[in-house]
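First to last, the sequence lines map onto chains A and B.
Take 799 as the starting number for the first sequence in the numbering used here and just add one per residue.
Take 5 as the starting number for the second sequence in the numbering used here and just add one per residue.
Do not rely on the hints blindly, as some may be mistaken.
With the C-beta cut set under 7 Å, the calculated list includes, among others, these residues of chain A facing chain B [to be verified]: (1) Pro884; (2) Val888; (3) Ala892; (4) Ile939; (5) Ala964; (6) Met965; (7) Met1016; (8) Asp1080; (9) Ile1083; (10) Glu1089.
It is worth saying that the hints were derived from the structure and are not from the lab.
Ideal Cβ placement from N, Cα and C applies to all residues, glycine included.
Each chain, written out:
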Amino acid sequence: MNTASWVLIASEAWRGALAAVQPLGGAVTAVVVGPRGLADDVATAGAGEVLWLELADGIPAEAYAGTLAVVVAAAAPTVLVANSDPTGRVLLGAASAQLHARLVPGVVGLAWDGGKVLIRRAAVGGETIETLATDGPVAAIYSGDEVSLPASAPAPVSRLDVVAAAMRLVASEPVAVATGLDDAERVVSFGRGVRAKDDVAVVRGLAEALDAELACSMPIADDLGWLEKSRYVGRSGNHIKPALYLAVGIAGAPQHMEGVRGAKVVAAINSDPEARIFQTADYGIVGDLYEVIPALIAEVHK
Amino acid sequence: MKAVVVYKWARNAEDAMVRTDGSIDWRNARMAAGEDDPAALAAAKQIAADTGGAVIGLTIGDGDASWALARGVEQAFSVADAPSLADNGATAAILAAAVRYIGDVDVVVIGDSKQEPGVPVALAGELGWPALVGLHSASMPAGQLQAVRRVGGEQQTLNLATPAVLGISAESDTDQVPGMKELLAARKRPLTKLTLSDLGTAPVDLVSISCRKPDSTPSRVFDGEPAQAAAQLVAALRAEGVL
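The following block holds chain A by itself, in its conformation from the complex:
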């Protein structure tokens, strides 16, 4: 079996995936679907060769998945890696099937062991790291951390010319985003633990005391309308990266937590000690938010 790896790149997050194949020691080919600048960045970050596919106006990268898969399969690499973003996954899924590879999500590390590839992956929502082995080709969805890579001598970049499937971007409109949430240092956010609309003032008081922006979980904005829709955080709402995210009365559903993955410190106040948010938060207070918030405000003002 050869030791070649291919990395499929269709978004700005790619350094972790590229770094993940480097310990394998084989030749590394990167396929970049997107702007030339992105291909040049990848070429100076350790890839041995870069194949660059320029996107035509109005054609999404996914339209090239089928023809790109044929190119990948012809090279028959043993390891194929892409990020977990939707576009990267579509490219990987097509190539993986064409290559008859194993497809493993949640991958955080790759290694050789004799003739086998060892795959370390996060399982059961990240509660455990499982090591899997295979002797055939493997396609990995990389879910580890982003890293910084040392600059390398530029690898050759050659242009790929492949045919697109019938797929077209027909409309694109900006989704309203609350001013301030995007680049806020601190965000105080609340969920259904707040009992009445009038009580939003209580949470707002805490946000003011902490010099934080106010946000909420989706049901608060969508079902109850207690805060503008532009202020909810979660999978389909705002994705934010404050230094501090303080969640008040939020259970911590995965859809919500996806929106704060970039936060440095997550703290939570919840009356339920079993609340899911305590599994991911860095700090927490178990208690009644109506008692804890005044105590926090008093403490901050001391």
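Assemble chain B onto chain A, guided by the hints.
Showing chain B alone in chain A's frame:
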């Protein structure tokens, strides 16, 4: 238009138990409706409604197959002996074989699961069909398959040709629990049980070598009197330099 909705195709990770040595106990976990399944079903129904077509359910494994039948799907197929696999490609190959068995399918709609994010895309790869995933809705106005997604502060609408695979990502928990009338109606709807041998597939999974707990610091939870807990939290956040 013949739309297949794939549902209950993964085990619920919340029912799995991770032992202190990191190993996983899956004994209490069955194939369950995923958090994205209701959104996938809604999209499949919309496509069928827009074209006067039908939605056909497809499920694998040991879960109760009536989930879709009780939610307005007229007929379903179940590959009951399909095991749960670490290899998303092998799971996708079973689903692809079942889609081919159903025959003449124009679009496959599947929840874009966070736990098994490789299955929808590998399913498209196995079928050799174009795919879009991470979508929040889909429809088929004027005979044109259309999908909507949000990317980096933008809402994008995309048109694509059939056949295609669409991965739908739920925005919220939107499942509508059926009433007694729907549950009774579901029992009368046709459910075709298939086996792996009917489909001519014999999946072989990856070999699990070991498991270990990740190196992470569990959250520090303060649960004393409010004033005391507040003081501890503020001190901790100041020490972190975020306050």
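Consistency of the hints with the structure:
For proline 884 of chain A, the interface hint holds, since its Cβ comes within 7 Å of a Cβ in chain B; the closest pair sits about 3 Å apart. Below 7 Å, beta-carbon pairs count as interface contacts, and valine 888 of chain A has one with chain B at about 5 Å; its hint therefore holds. Annotation: alanine 892 of chain A was flagged as interfacial toward chain B, and the flag holds, the nearest CB pair being 4 Å apart, inside 7 Å. Below 7 Å, beta-carbon pairs count as interface contacts, and isoleucine 939 of chain A has one with chain B at about 6 Å; its hint therefore holds.
With a cut of 7 Å, the hint placing alanine 964 of chain A at the interface with chain B holds, because the nearest CB-to-CB distance is about 4 Å. The interface hint given for methionine 965 of chain A holds, since its Cβ lies 4 Å from the closest Cβ of chain B, which is under the 7 Å cut-off. Because the smallest distance between the Cβ of methionine 1016 of chain A and any Cβ of chain B comes to about 5 Å, under 7 Å, the interface hint for this residue holds. Checking aspartate 1080 of chain A against chain B: minimum C-beta separation of about 6 Å stays under 7 Å; hint holds.
Taking 7 Å as the C-beta contact cut-off toward chain B, the hint placing isoleucine 1083 of chain A at the interface holds, the least distance being around 5 Å. For glutamate 1089 of chain A, the interface hint holds, since its Cβ comes within 7 Å of a Cβ in chain B; the closest pair sits about 4 Å apart.
In summary, the structure agrees with every hint in the numbered list given earlier.
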